[in-house]
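A.B. asks: All chains, full assembly: derive it from the sequences and hints.
Residue numbers (this note's numbering), protein chains in the order written: chain F, 1 to 498; chain P, 1 to 917.
For the record, the hints were derived by calculation from the structure and aren't laboratory data. Careful, some of the hints might be misleading.
Covered stretches of chain F, as calculated for chain P (at least 3 residues, CB under 8 Å) [to be verified]: (1) 297-309; (2) 371-383; (3) 439-449.
Restraint ranges, calculated between C-beta atoms of paired labels, are given here [stated by the list, open to error]: (4) Arg812(P) x Ser173(F): 43 to 49 Å; (5) Pro65(F) x Thr563(P): 38 to 44 Å; (6) Arg558(P) x Gly217(F): 24 to 30 Å; (7) Pro679(P) x Arg441(F): 42 to 48 Å; (8) Thr560(P) x Gly217(F): 33 to 39 Å; (9) Arg402(F) x Thr560(P): 40 to 46 Å.
Don't be surprised by glycine CBs; every beta carbon is placed ideally from N, CA and C.
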Amino acid sequence: MEGGSARLLALPPSVVADRSADAVADACDYFDPDGVWVLATERAPRAHATVRSVTDEGTPVVHTPLGRGAAVRYDRLPDDEGSVEVGSVHDPALLPDVGERRRDGDLGERGSAEPETDRTTFVACPVEVAVDETRLSATLPAADELAALAANVPGDVVVLSALLPADYDHAWSLDAPDGGEVTVRLHGLGATEGYGSRDVACLTLSPSGAVGTERVGTDRFGLRALEGVGPRTAERLRDAGIRSRAALRRTPLRELADVRGVGRETAERAHEHAEVLATGEPLRLTTAPLPGGPASRPPLCLDIETDGLSPTIIWQVGVYDPATDEHRAFTERERPDEPGRVIERFLTWLLGSHPDRDLLTWNGHRFDYRHLTSFVERYCPSYAAAWGEYRTHDLYDWAVRRDNALLPGRTNKLDHVARRLEHTGSDTGLDGAATAAAYERFVRTGEPLDWARHEAYCEDDCRALWHVYGALRDADRRDGSAADARNVDSEQAGLGDF
Amino acid sequence: MAGDHSETGEADRHDGQVSATSDGDALPLTGHELVETFPRAALTEHTTVRGLAPREARTVPVDEVLRPALAAEYPYDPFVHQARALDALERGENVCVATSTSSGKTDVYALQIARDVLDARAAGESSTAYVVYPTKALARDQQRELAALYDRLGLDIEVAVYDGDTETGEPRRRIRETADVIISNFMGVNTYLHDHDRWSRFFGACDLVVVDESHTHTGVQGMHVAWIIRRLKRVLDYYGSDPSFVCTSATVGNPREHSEALLGEPVTVVDEDGSPRGRRDLVLWNPPPTDRRESDEGAGTGEADTGEDGGTFERQPASVEAPRLLSHLTAHDVRTLMFVPSRKLAELSVGRAREHRREHPRVYGGRGPSSLEPYHAGQGKRKRHATERSLKSGALDGVAATSALELGINVGEIDATLLMGYPGQRQSFWQRVGRAGRDAADALSVLVADYATLDQYVVDNPEYLLETDVEDAVVDTANDRVFAQHLLCAADEVAVDGTDAGPVGFADRNRLERAVEMWRRAGRLTGHLETGVSYTGPPRPQTDVNLYATDDEQYQVRVTEGTPEAQAPDLEPLSQARAFRDYHEGAVRVHDDRQYEVVEIEHGGQQPSVRLQPVDVDYYTRTRSEVTVLDATSEATREVNGFTFHFGTGTVLVHHAEYDRVRISDNERLGVGIPTELPPLTMETQLCWVAVPEPVERSLVERYADYRVPDLPEASQSPHLGYVGGLHAAEHGMIGAAPLELMLDPGDLGGLSTLVLDGHLAPSERAGASADGASDDATDGRLVDGTGGPGERADGPGSVEAVRTALERRQREGDLERSASGWFVYDGVEGGLGFSRAVYEEFEALALRTRERIAACTCGRPEGCPACVMDENCGNDNQPLHREAAVDVLDHLLGDADGPAPTEEGGSERRPPLFYS
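C.D. replies: Listed below in structure tokens is the structure:
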């Protein structure tokens, strides 16, 4: 991430309303934001107060409907020495006013006579996109106000809307008041209806206008973050005076299991998970061997990059070999219209160099293997049979879906888990969607990417996978046997060789 | 259908012996004998008996059709239609087989699958087929039928059912990875496309896709199916497959057009039916008039009642008359299958039939009671299977069944079918009738008519049923809402790119670009058509597809807490338009003869819903609705006899503002104008309209100038009311008659008749807007800029009342003087579903049916009756209506009228801005 950026945490009011202050504190603690925006188009004073009560004195907590009249709120993030400035209004009708005041230097950093044009102005405002499927049109009801804002603000404008999901990012060309065209970038702040389980989003805003988004499910904070603890169990625990994970950890298991409606099994699992989250140490719940474990050599760690979730090309296959600590990237840099080339190069190498290795991925059963198999069958059918013989493993599936381990990440996304396990990668600033979008742009425009950066991103994931694998290999087991007491294990014997 | 195959199965079929056996299968009772022997008080019912000649089987020697390996094992000579369809498939064409019930359609695709599999295996490859039924219900029966055929042919072809009932996990995986034929339904196909990679083996080898009972895919559901098929084709293409399609269809009016619209590809139609048929007597039975009124002139003539006390002419309901016939037929050892419209009537009918037997001891004296059973989906599976078995074995004499018995279930030899009421369409009429006397056996079929528009039309015009022509099946892919939704699914399945654009692609380029841009802006799609567009919204957009609706606003139907499970009605979610019209708070609805009151309607939120409570009340409710059309824009137009027809789009504003409570026993109003508290609804939809030429209007206004609407204060009367009552009646009559030509639910159509068409058109469409150089009319300017028209609005069209007020102002200002009069017919579904386009295309045929129906109605009342021009959904309480004026208007439209008597221009009063839905 570039220097001088700021972290803005967006909390949907339902999250604040439904959850204990402890969950909100947990979210603030996890994201460590420079400012918290409570997203509600109507006044939600209690939600505001809850957030206020768990944040530091200096951290702005913004809830625009509580402002008086036509107030435009202005915050610098981080507080005082901040380099990112965020204006906030509760009504799009106020946007032209924000624009004029920015132009006149009447809003924001006082004393700077010249408004800085190389800084992006961020404005939080509930702007909606009106979709009319019958007419096949999507429009901005507040287009005029947005155009007036953009026409006056020196530099670029990014409007952050609580009415759009946090991964929403679209540059709108609008008719400027004086006849020309202006561009307004609209970015989502929060999960809206219809987007399934709600997320809490934390946006990283850079003065240059870059916006990074991290989303974590609303149920990953406070007691709800614990496996087996749903909204009702959380409520029962709170009623019994157990209001946080720390409190739960302190409560003896017997006492926990006595809470009405909380069974022994739930209590045990919650207790273990609280421990895992607090210590950052994963816990193996079963005696099942690690996937791909009992082999003479460790599995190859695999990750693919595509141009979208319905890929037309797998343009990068990254393979990390833990046995030699070497990484290889197969990347299509020239002929994106020939998806078979990368696949063929990868398979030729794999079959030639590693005919007998197992493969390991994170969630590969749902993504990597799925698409690889489909591409192999389509573009390299002659390799299909050989490819089909590889033993493919999915560490995510093994740990999470098959309940073999508890992981210490806030979510079970690979980067969350690996980060919590102190894996340090090269900070490429990319994520899956960004690298896919970049390649899509390359295909369209022919403008080459910073290939090294994108290959580094993929390599990071492969290495992170092995890091997590190692942590699980060394992890304690529920039965109390410590990791080092277990080296008679067949899997350990096999892995001991490398 | 499942029955098809069993029909042609070895047990039932007697090729080449048709004429020899038909005498032996002679009926115990002919149509004429039925009419003669039925006990009656007086000869009051009206009956028509038609004898349909038998038809010989026409076949082609099996070795001319099939390769030796198959021909040797297949025990029959195929019918000509089977042979032609197989030939076309051999040539790689898509085929629609549109022939009668039980004509062996299943064998067409079953044999084609066998050929494909043999070819593939000879080359060391495999071949698969996807067979899609309209519902889950018959999949397993069909699986058994296909498996049995392949057994007989000595072929090892694995046929599996894969649908919501298939166990998840390993069983599903095994089917995907090994089955040669997978049977499913379109909801399933829609859902499973998401995980197409798991189906790569199956899709990669797919040589045939079967759309069984394809005629059932019409209207909203048909649109969805058309898009699901297009998505399936993309995925098949992705795996390198280019299969042929087989549609099997009942006989419909437009098999080519319909199947091509479904598939988006050229189709070869095979509709020359080579299957045999025995002699069939068809009896149309119009029950006697009721003598509810203490009649003075005798109800016996069946003549119309024109009483002034509001009493209306009615006939004995089919639900009373048909069980008597069931009793009579079974007493004569005629094994009878009676179709009834509801579960309750199935139960009631058996009792009524027995009662009839008891009431006529002299007629039936010597005969013991018949063995009768009801049959409906409300019964347990075991009970139904027991009834099926006894029917097949001959232990039962008669069954009163709902449509649960309609499709596919093998009931063995049936002598007669008895229909309680006309099922609404010729296609389903023949399908039900076809259950008796299958193959070459003789059969008797009786339709007992209800006193309703279509029933009365049918009994008055028996030729209608016998015409070779049947209704058109309407399916349309023009609804952009539905298209846009399936585009999200398509992008989720395989990235959408430029190859999807074009006439044979997913959609034409412009439409695709607009939709992609919309979804990109909305954050649901990402990427560009040049390189591929992916889906980015919440997972599995396929789960949002509802085959029965065009928009996402679906109202779930719930019951109040504590309602016994057995009393919960089995209802699909409702569209918003439907919920507002029929399920407002206080509405009383009847399902399966059980009353429910709507106690709550919940809008917005994640899950809008209506809540029903079972009640027992002596009234029903009737919703009063105000409707108007705004901003209609013409996309196609044509002229007939001076009338101009238009098809286009527009905004329909509907306000279901009030309702009445009406006592069931005597139609007395117990409560009038109770507010529903619902806001008006607007709908962007497809519509068509007709403009009446000015001279016709003038002469008819003059002719009916003296007409007075009953019970209307003198101040509200107007010399235009007779004429506009004619338009209104023609509009109602046309919507009521639409099912005679098109396969649609008239509940999906709405109408509006108006003296001032201009007031409902977009400014550019108005008569005055066309520059008329000769005119120096000062109002022209106002018309051109259109200021103040109801179409010009800043924030939504507001209320129907506001539109009315605006029209009145424009009328005072002389703005509407040059407007034509006429009526609209619109699709009552957001985005439209192609019905009004079909009405536009079939306007003359429909007008002819409507005219016949209105002119022939025996009610004889100037205002008509529910069997001709009254419509229970009329928002204006069926006023004004004028039958004779309607007939005149339609005569002019059809070119059958004498020229309008020329009158002096300008003689008539300024036209009032009246409009009626």
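A.B. asks: Which numbered hints turn out to be false for this structure?
C.D. replies: The structure breaks none of the hints.
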